[in-house]
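Participant: Could you slot chain C onto chain L? The hints should help.
In order, the protein sequence lines correspond to chains L and C.
Under the numbering used here, the first residue of the first sequence is numbered 1488, with each subsequent residue one higher.
Under the numbering used here, the first residue of the second sequence is numbered 1488, with each subsequent residue one higher.
Hints are computed from structural coordinates only; laboratory data are not their basis.
You may find that some hints are simply not true.
If several chains are the same, the list does not tell them apart, and a pair holds so long as it fits within one copy or across any two.
Claimed, not checked - Derived PhoX-like pairs (lysine-lysine); straight-line CA-CA distance at most 25 Å:
hint, residue 1, residue 2
1, 1832, 1546
2, 1973, 1513
3, 1625, 1973
4, 1875, 1891
There are 2 protein chains.
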Amino acid sequence: MITGKNYIGNQLKASGSITHKTINPKLNIENSTPFFEATTNEIEEAVQLASSAFKSYRKVSGERRAEFLNAIADEILALDTELIEAYMSESGLPEGRAIGERGRTIFQLRSFADLVSNEDWRENTVDTAIPDRAPLPKEDLRKTLIPLGPVVVFAASNFPLAFSTAGGDTASALASGCPVIVKAHAMHSGTAELVASAIIKAAEKTGMPNGVFSNIMGRGRTVGAALVKHSKVKAVGFTGSIAGGRALFDLAAQRDEPIPVFAEMGSVNPVIVTPDAISARSEQLSTTYAGSITLGTGQFCTNPGLLLTVDGENTKTFINDLATKTIAIDPQCMLHPNIKDGFVKNGADVTAQNGVELIGKIEGDIAANYAASQITSVSGTDFLANPKMHQEVFGPFSLVVRSKDEDQLLEIINGLEGQLTGTIIAEDNDNINMENLVDALQDRVGRIIFNGVPTGVEVCPSMQHGGPYPASTDSRFTAVGTDSIKRWVRPFSYQSFPNGLLPKGLKH
Amino acid sequence: MITGKNYIGNQLKASGSITHKTINPKLNIENSTPFFEATTNEIEEAVQLASSAFKSYRKVSGERRAEFLNAIADEILALDTELIEAYMSESGLPEGRAIGERGRTIFQLRSFADLVSNEDWRENTVDTAIPDRAPLPKEDLRKTLIPLGPVVVFAASNFPLAFSTAGGDTASALASGCPVIVKAHAMHSGTAELVASAIIKAAEKTGMPNGVFSNIMGRGRTVGAALVKHSKVKAVGFTGSIAGGRALFDLAAQRDEPIPVFAEMGSVNPVIVTPDAISARSEQLSTTYAGSITLGTGQFCTNPGLLLTVDGENTKTFINDLATKTIAIDPQCMLHPNIKDGFVKNGADVTAQNGVELIGKIEGDIAANYAASQITSVSGTDFLANPKMHQEVFGPFSLVVRSKDEDQLLEIINGLEGQLTGTIIAEDNDNINMENLVDALQDRVGRIIFNGVPTGVEVCPSMQHGGPYPASTDSRFTAVGTDSIKRWVRPFSYQSFPNGLLPKGLKH
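Here chain L stands alone, though its shape is the one from the complex (with noise of 0.2 Å):
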């Protein structure tokens, strides 16, 4: 049952005086229930609480963290219709995408469950002594990974299971050890609490202890800067805007003990197309990308925004081609109203720049929230000009550049923003040169992907999910996949220890 509530370790809580609602965005009304912001003394009630339940947690077995994560898995499962219902109505998504997302976020649960069921992720090492070397002994020095303290996990707003409340930062998280308090996401806080009451009973019936997992509710940045400012938290995890996450890495740099913030920001995910690929296949690749770039009304942080072109007569045909089926798709709902007008306006901002061609157009009307797909296209030359295009708009947006030449397409990507992936469909035998567009586009991204669509983020240990900055705040670690782990551990080393002292693991 959604309340409305906080919760604070495992207790409800309420005593706060302002709320917000959520929106169905396909409905374009309010849901009903109001949600209470959490105030000051709860926000810090909750961070004591995760403070004190370190102590303990950072201790429990990794048997035991994979029993909580599977715990939380299954009683995510047990919400059933409840939780879908709930994710339909503030997301406007539709319910194959819920029962999807659900099903991924179970999978990460359950994948960080396996990781931690043994020591091996640790990267545990062993330098045993050499009491006799000269000219100094050498003493004996195990290194392992061990828990950062509290971390805080701001929800996103595209996806709110997989990368929101038992999303795959606060799965990684809690699997290292590390406490969690998520910051809801305001437009999905229904669903947030249902997940929350999952993790909070999970949390119960494995005995984990109280303060291991809060939910915090509010609208605007006051609550998530309380939580990132607060001495006794120690990581943050963020999805979302550039603009959010930099604010949140701000306030992070600027503590008396700066903190790791893992924001996973904007991108365009440049793809590049030869002109081989458009001569061979314009027509399958025009097919592929239309669905790629409506694919969830656009809103995957890894939607191709931008198509590298090189111009000629084929690329004209495959730019209308492309322009012709993305509009033939039926217009889709968008997450809520913000995100819509942002869409709206950001679009039309690209659209309005010099040289900026839309290609047809959707006729007639469009419900509210949903979006009007777009494929716009502008020369190589005019693109360099104007960095206004760089920029992400964030829906079934695509801009298509038509570079010159080759120089010209290697001079565009080398201006590009840090982005999370980059895309070439190539021949086999293409005559581009694939080295100098490898390298070009390895130096600005942190995936890149062959002949596909950079859509689809395998949970799996080779993912990289993350990039320069813009895309990430910090591109040495990954947002998806086992490795995230490593975010929230740090290296620890024990010289010359007993054997009785030793964790598990490194034990002579």
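Facilitator: Quick look at chain C alone, frame taken from chain L:
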């Protein structure tokens, strides 16, 4: 030969007019060579060269980078007595230390050469495709580590070789594939230039691109700030004071594109000596610690500046013995007059605090720039009441805190700032609650030592040299040992890549 000029890539340049000289602290006179501060143009040129060198250097094979690192080691050895004499004349440190530190520097270079001579260090992972997976096929994903780009290294004052021009930061960054620009420490500019000449010779002999290394000089903060703020610099390494490291961290965090700063800063390296240990072996402990406190004139980042005991009759005897033995060791020269001034001032600051007692005192005059070792003592209650006493006094100084009981001892540990190391001196069947002690200490340090001394930092895979802020700006990385290479790299994924385009080590 020492020319006083900067290495801007392979070229010696000195177009500026600001100069400084180094000081022979033992003789308390200036050395003769004037060193030219790099001009804005020279800094710009060094960064542009590094950025352009990165394009080819990052693709140089591991075997060839290993050749380069080994050649640097060879060329440093070839500098022979010229280097040892410059080192001694600029640091006041004795010949044995100079030779020892050169050995450590060579060892570090060769360790990183070994590390990167194959691809194992890249933590490569492979997830092969599952084309028939339902509901969606799994794509082939392969992950590796790639270098970040040009790195700026700030040389340490206390290790003119091992943490300076060709020290651990430079060796690990060059090993990873990042070009390096060193900001030389003003007080050992001659030593720096000699080592820089060895690196440049090695780069030329092994065919590395011009710009893979530069050595920039200057006094004050202007030159360093310009380097850290430059958009083409991608990471920073620093060893020194909290004020200096934090200033660089702040500059880097305020950039349009924030970059990581690995600053290894202050630490008082608390040593807990249990009552049982004092009862059992007070004599041996006071001898060992008098040696550790005065080692290298107390100018090690792991110097034991804080001894935590529980009060009692044996404790007083131990403290008096420790003071007597420490004072009995001949005063040694400090690195330069500023360090000596800081030592005197900061030592006096702590000694002037309420309840702090100076135990014994060296009688008679001390030569200029030589340090009079100091052992001070204070009650746990007075220590807790006054954060001023937590500060590091860089030099042969230690504050012995007498807690009233075990609880107060734990309270003191919990209230400490982050530290590089913590040490426990205890008996095999000590009556102290060891679990509580280890837990409290682990939360505050990066390395914990049992029945040893914190001084002596082994270069090996299991070493963690770094701890919670302000010991380091980023506790998730080590500044010593082969894992320090991880500071300069980021993970990178290849999805569905043709075999021919995959790097060595990721091919099918």
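Participant: Now, for every hint given, state plainly whether the structure supports it.
Facilitator: Results for each hint:
1. When the C-alpha separation of residue 1832 and residue 1546 is checked against a cutoff of 25 Å, the pair qualifies neither within a copy, at 50 Å, nor between copies, at 42 Å.
2. Taking the shortest alpha-carbon separations for residue 1973 and residue 1513, neither the intra-copy value of 39 Å nor the inter-copy value of 47 Å comes in at or below 25 Å.
3. Within a single copy, residue 1625 and residue 1973 get their C-alpha atoms only as close as 29 Å, which misses the 25 Å cut-off; across copies the closest is 24 Å, which meets it.
4. In this assembly of identical chains, residue 1875 and residue 1891 lie within 25 Å of each other by CA distance solely inside one copy; the values are 20 Å within and 65 Å between copies.
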